[in-house]
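Enquirer: Sequence:
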Amino acid sequence: METIAKQGARVQLQLNGRVREGFAEPRTQLCDFLRHELGATGVHVGCEHGVCGACTVQVDGKSVRSCLMLAVQAQDSRVDTVESLAEGELMSDLQLAFRRNHALQCGFCTAGILMSCAEFLGREPDPTESQVRDMLSGHLCRCTGYTGIVRAVLEVANERKSKNGEK
7 METIAKQGAR
17 VQLQLNGRVR
27 EGFAEPRTQL
37 CDFLRHELGA
47 TGVHVGCEHG
57 VCGACTVQVD
67 GKSVRSCLML
77 AVQAQDSRVD
87 TVESLAEGEL
97 MSDLQLAFRR
107 NHALQCGFCT
117 AGILMSCAEF
127 LGREPDPTES
137 QVRDMLSGHL
147 CRCTGYTGIV
157 RAVLEVANER
167 KSKNGEK
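Per the numbering used here, the very first residue in the sequence shown carries number 7; after that it's consecutive.
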């Protein structure tokens, strides 16, 4: 019986602020590499076609569907998953707002939605409801109806604005 040699490469990246390294075959999706090789289980894999948004992470500060990116493409990149939002044991303001506004139910899509919302608020600190809904249109959630998510994002934007002394 012939043995087939494993082909692949070592992939090194900065995951949630820590340099991490693992093995990835050329076809390994970033989501699978993060979950199975590096243990970042907050990355959820849904459709594997980039449609549902459950696997959304940030690569070098931009939201990406990790099922549409190969692990080898993330070489030397900064990758942030939902685990990066909390500060130690303390949830972020966005995570707390999701809880207060009942913006999650089963939780499967929540990690990806949180990552998109975090990036969105970073570039759009004073969004309208329409802008939030437009941003969320790239995510499929069968449980929430999105109303709680929209409320949570707008609440965080308003709290941050007040904290910074803006009106």
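Simulated from the structure, these hints should not be mistaken for lab results.
Errors might be hidden in some of the hints.
To be verified - In silico DMTMM-like cross-links for lysine to aspartate or glutamate, where the CA-CA straight-line distance does not exceed 20 Å: (1) 68 <-> 82; (2) 167 <-> 99; (3) 169 <-> 125; (4) 68 <-> 38; (5) 68 <-> 95; (6) 169 <-> 132; (7) 68 <-> 125; (8) 68 <-> 31; (9) 68 <-> 165; (10) 167 <-> 132; (11) 169 <-> 89; (12) 167 <-> 130; (13) 169 <-> 99; (14) 169 <-> 82; (15) 68 <-> 89; (16) 68 <-> 130; (17) 169 <-> 140.
What the hints assert, rightly or not - Here are the in silico distance ranges between beta carbons for each label pair: (18) 32 <-> 56: 30 to 36 Å; (19) 27 <-> 135: 40 to 46 Å; (20) 152 <-> 23: 27 to 33 Å.
Glycine included, every Cβ here is placed at the ideal spot set by N, Cα and C.
Enquirer: Taking the numbered hints from earlier one at a time, note which ones the structure violates and give those numbers from smallest to largest.
Expert: 5, 8, 9, 11, 14, 17, 18
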